[in-house]
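A.B. asks: Quick note: the sequence shown, position 354, residue 354 per my numbering, numbers continuous.
Bear in mind the hints are in silico, worked out from the structure with no lab data behind them.
One or more hints might be untrue.
Here are the simulated BS3-like cross-link-like pairs (lysine-lysine), alpha carbons at most 25 angstroms apart as the crow flies [what the hints assert, rightly or not]:
1) K45 <-> K56
2) K249 <-> K228
3) K229 <-> K249
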Amino acid sequence: MPRATTEILDLPLDVRPEPDDLIRAAMQWHFGAETGSPFWLERAKNLPFDPLTDIKTHDDLTLFPNVAAELRDVPAQDLIPRGYGPSPDIVGVFESGGTTGAPKRVVLLRDWLDRMLHWSNLNLDAHGFPRGTDWLGIVPTGPHIVGEYFRRSAATYGRHGFTLDLDPRWVKKLIAAGDRAAAGAYAEHLIDQAAFVLRTQDIGVLTVTPPLLERIAHRDDLVDLVNKKVRAIRWGGTQLDPDSRHLYKTDIFPDTVLCGNYGSTMILGFGGERPGLPDDAGCVFDPYSPYVTFVVVDPQTLRPVGYGERGRVLVHHVSKSFFLPSNLERDVATRIEPLPGQAGDAVADITPVETFENEAVIEGVY
Numbered sequence: 001m002p003r004a005t006t007e008i009l010d011l012p013l014d015v016r017p018e019p020d021d022l023i024r025a026a027m028q029w030h031f032g033a034e035t036g037s038p039f040w041l042e043r044a045k046n047l048p049f050d051p052l053t054d055i056k057t058h059d060d061l062t063l064f065p066n067v068a069a070e071l072r073d074v075p076a077q078d079l080i081p082r083g084y085g086p087s088p089d090i091v092g093v094f095e096s097g098g099t100t101g102a103p104k105r106v107v108l109l110r111d112w113l114d115r116m117l118h119w120s121n122l123n124l125d126a127h128g129f130p131r132g133t134d135w136l137g138i139v140p141t142g143p144h145i146v147g148e149y150f151r152r153s154a155a156t157y158g159r160h161g162f163t164l165d166l167d168p169r170w171v172k173k174l175i176a177a178g179d180r181a182a183a184g185a186y187a188e189h190l191i192d193q194a195a196f197v198l199r200t201q202d203i204g205v206l207t208v209t210p211p212l213l214e215r216i217a218h219r220d221d222l223v224d225l226v227n228k229k230v231r232a233i234r235w236g237g238t239q240l241d242p243d244s245r246h247l248y249k250t251d252i253f254p255d256t257v258l259c260g261n262y263g264s265t266m267i268l269g270f271g272g273e274r275p276g277l278p279d280d281a282g283c284v285f286d287p288y289s290p291y292v293t294f295v296v297v298d299p300q301t302l303r304p305v306g307y308g309e310r311g312r313v314l315v316h317h318v319s320k321s322f323f324l325p326s327n328l329e330r331d332v333a334t335r336i337e338p339l340p341g342q343a344g345d346a347v348a349d350i351t352p353v354e355t356f357e358n359e360a361v362i363e364g365v366y
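Construct the complete structure from the given sequences, taking the supplied hints into account.
C.D. replies: Pasting the structure below:
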């Protein structure tokens with residue numbers, strides 16, 4: 001493995017590589033016999049091109065097929081690049097939400113977690129989040145990567161992180177069975193648990209999904225508690241429409257910073273809300289380019305749509321620890337011009353598709 005390759009993949013956290021340099025280094029790493037993962041080394045045998053010689057630019061990533069569905073059955077160990085040696089620093093194995101069938105799995109390694117948190121914390125700084133306060137997370141935990149990112153964010157940016165038991169798969173089952181009353185009762189149970197923490201602890205940052213934030217907003221006592229204690233709200237998991245965002249920012253929680261994320265397990269991270277957006281505008285999300293990039297495409301041709309037009313979100317993840325190109329997410333978004341120097345697109349006005357991989361999409365507490 002040439003030294004330049006590992007240097008590009010191991011740059012300091014505050015230095016970003018040129019997109020095409022990252023791609024070429026990643027191909028040498030992920031498809032090198034001594035460093036690549038068993039999954040990709042085996043998968044490469046069936047590709048109609050040679051990643052080591054034919055993939056040279058960020059645009060070339062679209063040559064790869066979408067293999068995300070295969071991560072339902074692959075042994076987790078086979079996803080770890082051999083270059084990490086016999087004792088890789090694994091944070092955990094995490095699963096997708098199971099919205100469209102059996103969950104997919106990814107492995108989160110320490111070096112990527114540290115890199116993603118560094119970028120995320122800078123985004124929180126740009127939005128004016130308070131450092132050193134306690135956090136409350138009303139988000140899925142267990143096998144869901146969002147719970148791990150919450151805990152690590154609370155520890156590195158805040159002080160203590162308080163969590164709840166939240167099983168989104170159970171809510172989705174209830175909704176699929178037509179039992180919306182039970183789903184609603186479960187969601188209210190979650191808000192009851194959050195209320196115990198809000199009343200007794202000095203919570204400065206609240207992390208929550210939009211449907212659960214809406215339930216908080218319907219309880220006057222909790223609105224008063226949030227306005228009294230919470231200095232910033234971080235939301236994610238599904239879209240917050242512009243009208244609701246404006247209402248929260250100007251009327252319900254007027255003195256509280258409101259900032260969104262857009263991500264998924266298969267991204268192994270998230271995009272952050274662009275700072276400085278008007279209160280009455282929708283959210284624009286920028287990814288951690290060039291490691292994570294979005295492309296808004298026509299789902300039939302997989303070619304980019306025009307700026308301002310709607311299409312499916314195609315995601316590429318290219319880092320030292322994980323490689324997943326051409327992942328067609330279950331979301332539709334508006335294509336937005338990226339920030340200067342960023343590869344790919346920014347996205348806005350995100351909504352789920354009605355069906356994905358031949359299954360109905362149910363968001364539940366998301």
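A.B. asks: Decide, hint by hint, whether the structure agrees.
C.D. replies: Status of the hints after comparison with the structure:
no., hint, result
1, K45 <-> K56, "19 angstroms, holds"
2, K249 <-> K228, "15 angstroms, holds"
3, K229 <-> K249, "16 angstroms, holds"
In summary, this structure violates none of the numbered hints.
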